[in-house]
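Could you build the full structure based on these sequences and the hints that come with them?
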Amino acid sequence: MLQCIFLLSDSGEVMVEKQTTAHRVDRAICGWFWDYVLAHAAGDASKVLQVVVSPTHYLFQVCRNGVTFLACTQVEMPPLMAIEFLSRVADVLTDYLGDLNEDIIKDNFVLVYQILDEMMDNGFPLTTEPNILKDMIIPPNIVSKMLNVVTGKSSNLGNKLPDATASYVPWRTTVIKDASNEVYVNIVEELDACVNREGALVKCEAYGKIQVNSSLPGVPELTLSFANPTIINDVRFHPCVRFRPWESSQILSFVPPDGQFDLMSYRVKKLKTTPIYVKPQLTSDSGNCRVNVMVGIRNDPGKPIDSITVQFPLPPLIASADLTANYGTVDILADQTCLWTIGQIPKDKAPSLSGNLRLEEGLTHLHTFPTFQVKFRIMGVALSGLQFDKLEVKNTPSAPYKGFRAQTRAGRYEVRS
Amino acid sequence: MAPTVPSPAKSASPSQPSGKSEVADLKQQLRHLAGSRAPDADDQRRDVFKRVISCMTAGIDVSAAFGEMVLCSATSDVVLKKMCYLYVGVHARNHPDLALLTINFLQRDCRDQDPTIRGLALRSLCSLRVPNLVEYLVTPLATGLKDPNVYVRMIAAVGAAKLYHISATACLDADLPAALKALMLSDPDAQVVANCLHALQEIWTLEASNSEAAAREIETLYSKPVVFYFLNKIKEFSEWAQCLVLELASKFLPSDNNEIFDIMNLLEDRLQHANGAVVLATIKVFLHLTMSMTDVHQQVYERIKAPLLTLVGAGSPEQSYSVLCHLHLLVMRAPMLFSSDYKSFYCQFSDPSYVKKLKLEMLTAIANESNTYEIVTELCEYAGNVDVPIARESIRAVGKIALQQYDVNAIVDRLLQFLEMDKDYVTAETLVLVKDLLRKYPQWSHDCIAVVGNISSKNIQEPKGKAALIWMLGEYSQDMHDAPYILESLVENWEEEHSPEVRLHLLTAVMKCFFKRPPETQMALGATLAAGLSDTHQDVHDRALFYYRLLQYDPAVAECVVNPPKQAVSVFADTQSTEIKDRIFDEFNSLTVVYQKPSYMFTDKEHRGPFEYSEDLTNLTVGAEATENVISAQRYQENDNDLLLSTSDKEDNGTATNNGSSASSYNAPSDLIGPPLLSSQTPSETLLINPGGPTNSLQSNFSLDDLLGLGAPEAPAAPPAPALTLNSKPVLDPGTFQKKWGQLALSLSQECSLSLQGAASLMNPQSLIRHMQSNFIQCIASGGQPPNYKFFFYAQKDGATVFFLVECIINTASAKAQVKIKADDGTAADAFSALFQSALSKFGLS
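For the protein sequence lines, the chains are B and F, in the order given.
The numbering of the first sequence is numbering that gives the first Met the number 0, which starts it at 0 and goes up by one.
The numbering of the second sequence is numbering that gives the first Met the number 0, which starts it at 0 and goes up by one.
Note that these hints are calculated values from the structure, not bench results.
Some, not all, of what chain F presents toward chain B, calculated at C-beta under 10 Å:
1. LYS304
2. ALA313
3. CYS324
4. LYS342
5. SER343
6. PRO351
7. VAL387
Sample of chain F residues with no beta-carbon within 12 Å of chain B, all distances over it, derived:
8. GLY66
9. ASN103
10. LEU171
11. LEU184
12. VAL407
13. ASN453
14. GLN477
15. SER533
16. THR535
17. GLN551
18. ASP553
19. ALA833
Cβ coordinates follow ideal geometry from the N, Cα and C atoms, glycine included.
Laid out in structure tokens, this is it:
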């Protein structure tokens with residue numbers, strides 16, 4: 000089980016040290032880890048393996064916004080448990096503090112200690128539900144600060160224990176105060192696609208999430224159904240979802256936690272087409288490489304596609320690059336990648352980027368071909384085609400307001416050249 | 000004021016404290032505040048406490064302020080209390096005397112009206128880790144376990160485990176485990192139940208080797224009523240507690256198939272859980288339950304495929320690597336089942352290279368007739384990748400697929416296209432592959448040779464690629480028009496060739512060429528041998544000398560040695576034996592899988608077992624020392640799980656392992672055989688040219704002993720005729736053996752010696768196994784590589800149900816054996832030991 004958790008800054012400095020078991024871990028381990036990071040990833044902790052074996056401990060690490068969450072153990076344990084837990088710690092802290100970075104952690108380290116204390120005892124994860132934690136340790140938001148000033152109470156610890164620890168729906172406290180009686184359901188999809196050198200779509204999958212933001216009084220019973228549930232390949236549910244109704248008739252039946260949460264995530268594989276096309280062409284001879292990239296709409300989703308960008312690393316051994324586009328802006332970033340920001344595709348012309356790469360002396364042909372990473376966003380549409388049928392809310396005093404939204408963005412959309 | 004609001008007192012930023020003077024200053028302020036009853040005293044204290052803790056976090060020694068901190072701790076402010084608990088928890092251990100001061104207020108807090116404070120105080124009290132304060136801990140813990148509030152019971156349950164780590168006797172004397180067990184089976188709150196389970200597992204596992212009672216308690220944890228009790232409640236547990244329960248279930252041995260199906264039905268929806276840890280733990284249960292049912296096991300694979308693939312794709316990048324490692328393990332076990340999902344393993348540009356590497360291995364494994372074309376097309380795209388190591392890996396992957404398949408036509412074309420890409424590392428990798436391909440499919444030589452002949456050896460810098468090219472030049476010198484001249488030019492540059500591997504290959508290639516085209520090569524051969532003889536590298540020198548003398552002795556013999564008729568290699572030795580893969584599989588959902596090595600290969604013996612910690616720097620507490628001694632039973636159990644493969648499995652694996660080990664020893668001197676490959680079908684070559692296989696090293700050990708004067712094979716004095724007779728055909732299945740081995744206490748442990756002949760003839764476990772069988776001692780499992788072997792034997796007393804179990808570790812180099820005997824009837828153990836030793840000492844003498 001996890002013996003110790005450290006929070007490290009992006010220079011390897013220990014910001015928080017939380018020992019969880021009787022077997023103290025000397026903080027020298029952080030020094031060892033940082034040397035490892037320097038040696039293997041030039042100081043970028045997000046690039047090293049998540050499970051590292053040191054001479055004395057096994058280390059798990061998760062890196063978020065330059066903050067490394069490092070956990071140590073000396074015993075065999077499920078690695079995913081440690082990694083999931085660290086991710087959860089990061090999520091909870093982000094939730095509490097609004098954001099996560101070195102300064103915020105340092106300013107709020109007492110709060111971080113308090114949260115860690117409740118999240119883990121004796122090396123084993125304890126309470127990780129944000130709703131319950133917030134009942135025990137009040138987040139430092141403006142409301143509570145105001146309250147403190149007004150009431151003169153200066154503790155950010157809840158004065159009573161969460162009821163949910165005794166409830167059978169651990170994700171929900173039994174008494175929800177000042178609920179505004181509304182529920183929002185949001186489909187967020189990411190499209191992963193891979194186009195090979197011949198321009199064929201090798202792989203196209205959508206990973207979706209159904210996010211619910213619920214603010215309902217009492218213990219509401221919700222049922223959500225889809226118009227076309229059969230297209231879904233694999234699903235994962237929030238613990239609140241009952242399995243049987245889904246199994247028998249693909250209906251999501253649940254008592255929601257209060258606030259925002261991911262109700263379900265799913266995968267739709269073998270999509271046939273992508274909304275836009277990106278066609279790169281690189282031809283090289285006698286020390287020059289002609290680059291031409293065309294972007295256009297392949298399959299109109301019916302809603303505007305915006306925030307389109309195309310990014311690719313410049314091949315190594317390039318002496319100079321001269322790239323221009325007839326639409327949007329082209330930037331060469333510090334890490335030798337070219338970022339072409341298009342935004343929306345105009346009605347009257349097809350955006351294209353063209354130019355010339357001058358190869359280094361002595362090279363005639365380009366040997367390594369860059370991969371183009373494409374980003375876009377479409378509001379109002381789930382590209383997998385998943386559609387809600389209806390949402391029923393029972394057990395509330397009055398009919399709540401229900402809102403639906405959908406959005407698709409490019410996840411890992413890669414075009415090889 | 001909330002602690003987040005920057006306070007004026009924090010003007011010196013907490014992240015950059017100035018050190019010693021700061022501590023003195025803090026002490027001063029604390030002392031000042033200790034008795035203060037000013038209305039804002041708590042706020043001031045909070046600021047100072049914050050600074051103390053921030054100093055502590057920054058690594059500054061603030062233990063000097065311990066007394067002052069304790070003085071200030073009498074407060075009703077909860078945040079202050081928490082900070083103080085944290086401070087005390089860190090420093091109490093080094094100040095046991097001062098820690099006594101804190102006991103008072105902690106004990107008082109344990110009786111507070113507010114359950115939060117009761118809980119926090121109890122947690123802090125258990126975290127003090129000061130052995131001589133244990134007496135103050137027991138009562139609050141016992142009360143805590145009966146507390147009306149869930150929060151306090153939850154903390155008390157874990158506290159009991161903490162107490163056990165500080166002082167096992169205190170914990171046991173207070174009968175806390177029994178209280179925990181009662182609570183575990185009756186408490187209405189799931190988290191309390193889970194914490195009790197966690198604490199009990201920890202306590203009893205560590206205690207098991209000391210007392211049989213604890214071992215029995217562990218058994219009851221894994222018994223049907225308890226496991227089903229937990230499984231039926233599983234949905235009430237938090238996700239982490241579910242992992243704990245699932246781990247428990249994976250160790251449960253169901254009595255019949257109905258139970259297996261019941262459990263699987265109950266747990267099926269866990270595969271849909273949002274938490275990856277729960278999903279993996281469930282998968283482990285499924286895989287373990289269905290181990291004995293082949294059909295169902297396959298269906299389980301089909302069922303778990305989708306959740307795993309989703310976890311890889313949808314989870315955070317951190318999760319996806321660990322999941323991928325587990326997927327990798329499954330893919331390697333059952334590649335066919337994943338062959339239709341090959342697209343899931345396509346590398347994405349944004350994948351880190353360690354992920355790409357795993358994916359490439361999986362793509363290689365699942366390639367079959369139906370998907371080879373797509374996979375190879377995909378792999379070929381990676382060859383132009385910016386990431387050079389991955390480009391290399393993908394070329395190797397193409398080669399491996401080619402070696403697996405029968406229809407290699409298209410693949411050979413692709414490989415030859417790589418050669419035209421004119422990139423040095425691509426060419427080098429491809430040459431190595433073409434060489435291996437030719438060894439397996441000599442029929443392709445014409446196509447390949449045509450292309451290879453066009454490659455100028457000057458463009459290849461990498462030793463492996465160059466060596467491969469030279470091998471082909473030598474092997475196919477009759478088909479390659481200018482082979483002798485290319486070789487000759489290479490020999491001229493002998494001095495500039497830095498890699499001994501290339502020089503070795505060059506020597507052999509010129510020899511081969513000489514026998515095929517003598518007139519053109521004669522000059523070159525002379526120059527080569529001369530250069531070789533004056534080479535500074537021992538292997539090169541020796542081989543040149545060897546060839547020289549061989550030619551001198553009889554050119555015809557030399558030709559037989561250098562150019563023997565070769566059969567195509569049909570199977571290349573796998574680098575990882577199936578045995579190791581099986582062991583890794585047994586440890587599914589653990590670190591093992593991430594390292595792709597069974598835990599015995601990467602963990603120290605000292606650092607193993609589920610609850611076994613080691614104090615690396617400080618070894619202060621009694622508890623820690625106890626830990627060291629205590630875990631052994633658990634560890635052995637695990638060990639034995641590793642080793643208990645059935646004997647028949649072992650026989651197949653034995654050869655694979657041997658091959659694996661010899662492949663490495665062949666590495667340096669081999670010229671005809673690519674280092675990672677070993678053909679079992681070219682023994683003439685290997686035997687003649689490669690000294691130093693395991694056989695030889697064994698013999699050299701033997702002769703070394705001889706030189707040291709230990710030579711005369713001394714037969715140990717014959718032991719007195721054993722009064723014990725053994726059943727000639729005892730029957731014991733591995734499961735029962737394992738169980739017995741876990742249950743029985745050690746009756747005897749001693750070292751005995753083997754005859755030197757015995758040690759020398761113990762080249763594989765089978766010889767000893769047969770010998771012992773003739774003495775009515777059966778082997779149930781064996782393993783190891785020279786010089787260390789490990790055996791598990793068993794025997795049965797004639798006409799009785801008494802079994803003897805033996806663990807025997809033999810080191811052939813020292814001719815010593817470590818024998819551990821466990822017996823159903825301890826009194827007969829001595830007699831059996833004598834019998835066993837006499838049988839062992841006779842090994843090799845007959």
